[in-house]
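S.K.: Residue numbers (UniProt numbering), protein chains in the order written: chain A, 1 to 273; chain B, 1 to 313; chain C, 1 to 428.
Hints in this document: simulated from the structure, not taken from any laboratory. Just so we're clear, the structure is a prediction, and the values are computed from it rather than from any experiment. Beta carbons are placed, not taken as given, at the ideal position from N, Cα and C, and that holds for glycine. One or more of the hints may lead you astray.
Here chain A is said to cover these stretches of chain C; the calculated rule only asks that three of the stretch's residues, wherever they fall, bring their Cβ under 8 Å from a Cβ of chain A [what the hints assert, rightly or not]:
hint : stretch
1    : 64-72
2    : 84-91
Partner residues are not named here, just some residues of chain A that face chain B (Cβ under 8 Å, in silico) [what the hints assert, rightly or not]:
hint : residue
3    : Arg-9
4    : Ala-21
5    : Leu-25
6    : Ala-90
7    : Glu-118
8    : Ser-119
9    : Ala-160
10   : Gly-190
A few chain C positions that, by computed beta-carbon distances, are all more than 12 Å from chain B [as the list claims (entries may be wrong)]:
hint : residue
11   : Lys-42
12   : Phe-60
13   : Asp-80
14   : Phe-111
15   : Thr-125
16   : Ala-131
17   : Leu-177
18   : Ile-208
19   : Glu-292
20   : Gln-299
21   : Ala-351
22   : Asp-363
23   : Asp-395
24   : Gln-412
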Amino acid sequence: MTRGQKALRYGVLLGFFLLLAGPLLWQLSLSLKGAGDDLYAQPPQLVPSDPTLGNYSDVLDRVPVLRYVANSGLVALMVVGGNVIGATLAGYALARMKFRFRGLVTGLFVVALLVPIESIIIAQFLLVRSSGLADTLLGVALPTCVAALNVLLMRNAFQAIPPELEEAARVDGAGVWRRFWYICAPQVRGVMTVVAIFSFVGAWNDFLWPLIVLSSEENYTLTLGLNRLRGTFFSDPRLIAAGTIIALAPIIAVFALLQRYFFRGLQAGGIKG
Amino acid sequence: MSTPTLVKPVPPPTRQGRGGVGRTHDRWWAPWLFLAPALGIVVTFILFPFVNTLALSVTDATLLKPGHFIGVDNFVRLWDDERFRTAMTNSLLYVVCVVPVMVAAPLVLAALVNGGGRLLGFFRTAYYLPVIMSSVIVGLIWTNLLDQRGLVNEVLRWLSLVNEPVGFLSDRWLTLFSAMLVTIWSGLGYYMVIYLAAMANIDQDLYDAASVDGAGPVRRFLNVTAPGVRSTSALIGLFSSVAAFRVFGEVYVLTGGTGGLGGQNVTVTMLIQQEGTGLQAETGYAGAISVVMFVVLGGLLAGQLWYQNRGER
Amino acid sequence: MSGKRVLLALPAVLALSLSACGVAGGSSDDSDAQSTVSGEVKGEISFQTWNLKGGYEEYFNGLVKDFEEANPGTTVKWIDQPAEGYQDKLSADAAAGALPDVVDVGPEAAFTLASAGMLLDLSKTDAEAEANYLPKAWEANHFPSLGGTYAYPWYLNTGPSFFNTAVLEKCGVTGELPTSYDALFTAGMTMAEKCKSDASMVGRLPAIENFGSYGVPLMDEAGTTFTFNDAKGVELVNHYKELFAAGGLTEATLNELQTGEVDAFKAGQVGWLPGSSYTLKDLKETAPKIAETTEISPQITNDQPNMYIESLAVSAKSENTATAVAFAKFATDRENQLAFSQQAAIFPSAAGALEDEYFTKDDGTDETALRLESAKAVSEAIVYWPAAFSSKSVDYLREQIALAVLGKKDVQEALDESVEYANGNLPQ
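Sequences and hints are given; from them, build the entire structure.
M.R.: Written as structure tokens, this is what we have:
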């Protein structure tokens with residue numbers, strides 16, 4: 001790349017950065033504003049005139065954040081585990097195994113993708129309740145444990161693997177499990193990471209479903225717990241903003257950690273110039 | 001791990017011929033074992049409840065009262081429901097306008113941030129931020145920007161481009177357009193990630209060959225990257241069509257939890273939400289709306305698949 | 001067992017259990033299951049409130065402890081639901097036939113649940129209870145079409161008008177602050193002429209309770225048909241239409257919910273805010289500059305002032321009905337309501353509680369003055385919002401009025417359709 005091209009590339013990247021990440025700064029600023037700041041000032045102020053970290057300690061005082069984080073973490077772990085394992089296995093079967101009804105089963109996952117969740121949420125709750133899982137974290141995790149979307153993503157990823165690769169192993173006498181585990185799965189690690197991130201974010205941010213399933217406060221996930229900051233007779237946007245930042249931090253951390261795995265496959269073939 | 005040199009690095013998703021010539025023969029139940037967890041969850045928690053929705057759609061059930069069979073009455077009522085027609089128009093427009101952008105723009109973004117290095121990693125993370133923000137915050141931010149007295153209008157007035165504030169959040173079409181903007185804004189990072197994962201599978205040799213031929217970055221993008229992720233593009237087209245038709249959050253938050261001025265911005269999902277949740281839910285009627293939505297989406301997808309298959313031949 | 005058989009068996013088992021508890025809706029035809037309270041005041045009950053834990057945890061723990069001590073052998077499990085999604089939570093529980101024993105509801109939820117036979121008729125279990133509450137509060141939970149009263153009145157809220165005098169002066173409104181709708185609209189027109197879209201008097205379209213306090217008859221005597229599409233109702237909407245045409249209502253306003261109205265007031269864009277007793281504190285904390293120029297005056301009404309009510313209902317399926325009823329009465333008695341109202345900025349519905357010193361003795365502060373004035377209003381106030389007017393109808397009415405104000409629909413036609421929709425939403 002020439003210098004000019006490089007400058008252009010980073011210029012564009014920076015522009016997108018401001019556009020996409022800028023609004024988060026507003027939330028950050030709100031969470032740092034003190035009692036002396038007029039939140040509704042016109043025009044809005046980005047830099048707090050009375051900055052404080054008090055809102056964060058207030059949040060930690062008011063709600064048992066650690067406990068909620070632990071609960072959310074547990075749900076996220078189950079959902080991420082379920083999706084990565086379940087969707088990878090199913091995706092492999094749909095993409096690379098031959099069996100009767102394969103088209104039909106693929107069709108079922110596509111149908112599931114189209115089902116409007118709003119119309120089935122009560123029925124889902126009755127199912128979870130009748131299996132005795134109401135008010136448990138497992139009940140929160142179970143219905144989203146394998147999402148149809150992720151199955152289709154994995155199927156697409158497995159389809160991209162050249163057939164020669166697996167055929168060679170097959171000729172060498174490798175069984176289906178060995179072919180899956182040693183040949184194909186390593187090839188789709190990038191997409192598995194994507195599935196992990198998507199399901200983590202989904203589980204971490206979900207509000208309505210955990211609300212319906214859970215009733216004891218000790219089981220609350222973070223989104224539910226932070227809703228406590230909005231009282232009926234008082235509501236401080238600064239606290240809510242601080243709560244949001246606390247809730248966002250783990251997702252940003254998870255993404256920042258995992259994003260380099262997209263490049264496993266790429267690096268194996270050499271770094272792009 | 002060594003990868004054999006390939007003639008054709010990313011084959012189109014063709015079905016393998018029946019009856020492989022392999023030495024080992026897989027047991028007939030092996031695929032079902034692989035499918036069991038996913039199929040179990042999806043059938044139990046998605047498909048089975050949806051069968052229930054199908055059954056409800058021909059009854060006059062409400063949340064608290066089981067209904068009686070009323071045939072196609074709900075569907076007749078839908079046909080006459082002004083709000084349903086508005087919702088259909090809005091949702092279909094959403095698909096038409098948003099999907100092409102969602103297929104193309106994230107790919108460009110992905111190509112820009114693809115590669116090693118800390119700085120690019122930082123940008124990748126930053127671009128993903130809108131995806132993880134809860135829709136409430138997203139709504140708050142954008143209503144602040146697009147409000148009649150918001151930043152965008154202030155700037156427009158300052159530049160003397162307009163005299164009266166522009167009703168980004170009150171005019172029927174502008175509101176819909178604003179919501180599309182927010183959808184694209186928050187979806188870019190999401191689809192970018194899928195593209196990034198797909199691009200990792202493109203064979204580096206192809207890039208090298210293109211470079212030898214004297215292709216610049218733009219040519220390499222058009223001739224190697226774009227064709228290399230074609231099956232992913234198709235998948236993203238599918239996902240984003242479903243998401244766009246089912247749009248809810250963006251319109252909901254931009255209109256402050258209403259369906260827009262006089263309900264003119266209501267989408268099909270919002271209508272299902274309005275009729276089908278809460279204590280006074282008309283689950284039968286909401287079920288009928290869900291069924292129609294399902295059929296329309298199915299048609300949309302069938303059309304897309306047909307189009308792609310035709311293109312491949 | 002092969003994978004295939006697992007797949008077939010699992011849904012089948014769940015299908016059985018699912019049909020047993022009825023996905024199509026909670027069971028309903030046992031509405032007269034329990035009309036009298038039987039059994040002793042013993043055992044465990046659950047008590048659900050909505051978004052009161054943040055700030056009043058001590059009060060509720062004390063309340064539960066007092067009750068348990070006064071009634072040995074009882075346990076009360078207090079559950080508090082978060083701010084968002086209360087309707088969804090309540091409806092999921094109701095659909096599963098598993099309401100908490102004592103549950104915090106508004107009249108509208110009480111009406112829907114009672115119609116489905118899920119609440120206990122408290123006028124039958126305990127005929128004397130009526131005397132313990134303010135008549136207007138008791139009436140709010142009395143549903144003529146069902147012939148019973150299904151919840152004990154709990155806390156009330158009402159509020160005066162808040163006017164941003166700086167905005168009013170800037171836009172040419174001087175002299176006495178409006179207290180009637182006519183005066184409000186006149187002042188609104190003056191502001192429209194002077195300020196156009198920079199600031200306006202009104203920040204929200206009228207809701208059903210505004211029709212009530214404007215003097216529109218909302219429902220017929222029997223409580224079976226809505227009537228707010230009469231000439232008076234049309235007149236009210238026409239006022240808003242004129243205001244909009246003159247520039248005294250922004251387009252954004254036509255879509256505003258209550259929270260949006262409050263935000264607009266805090267940003268100094270709106271002159272009038274129909275507030276509640278905690279609005280003043282909220283203004284001082286989040287928009288101190290606006291609070292400085294805000295003046296308080298009596299609620300705008302052509303009739304009696306409006307109030308809102310929260311009540312405690314008892315589930316008809318409760319296993320310890322006697323305990324549940326006893327607790328609901330205990331929590332809403334004079335002493336406990338008074339204690340709660342001294343902590344939260346709300347008003348008690350128990351008879352005689354408003355005569356307490358706390359609501360009658362002035363100590364010279366703004367907050368007290370506001371409290372005394374509101375307390376006086378509460379004693380005359382009416383819960384205008386009919387319990388049978390569902391939240392879906394609320395949305396529908398707002399949309400129709402917006403279309404009428406925009407001129408996309410005839411005012412009469414818009415109201416006729418709203419009435420038709422609301423009637424259609426009544427339980428058959």
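S.K.: Indicate, hint by hint, whether the structure satisfies it.
M.R.: Evaluation of the provided hints:
no. : hint    : verdict
1   : 64-72   : violated (count 0)
2   : 84-91   : holds (count 5)
3   : Arg-9   : holds, 6 Å
4   : Ala-21  : holds, 4 Å
5   : Leu-25  : violated, 10 Å
6   : Ala-90  : holds, 4 Å
7   : Glu-118 : holds, 5 Å
8   : Ser-119 : holds, 4 Å
9   : Ala-160 : holds, 5 Å
10  : Gly-190 : holds, 4 Å
11  : Lys-42  : holds, 30 Å
12  : Phe-60  : holds, 24 Å
13  : Asp-80  : holds, 19 Å
14  : Phe-111 : violated, 9 Å
15  : Thr-125 : holds, 22 Å
16  : Ala-131 : holds, 30 Å
17  : Leu-177 : holds, 25 Å
18  : Ile-208 : holds, 15 Å
19  : Glu-292 : holds, 21 Å
20  : Gln-299 : holds, 24 Å
21  : Ala-351 : holds, 30 Å
22  : Asp-363 : holds, 39 Å
23  : Asp-395 : violated, 7 Å
24  : Gln-412 : holds, 16 Å
Checked against the numbered hints given earlier, this structure breaks hints 1, 5, 14 and 23; the rest are met.
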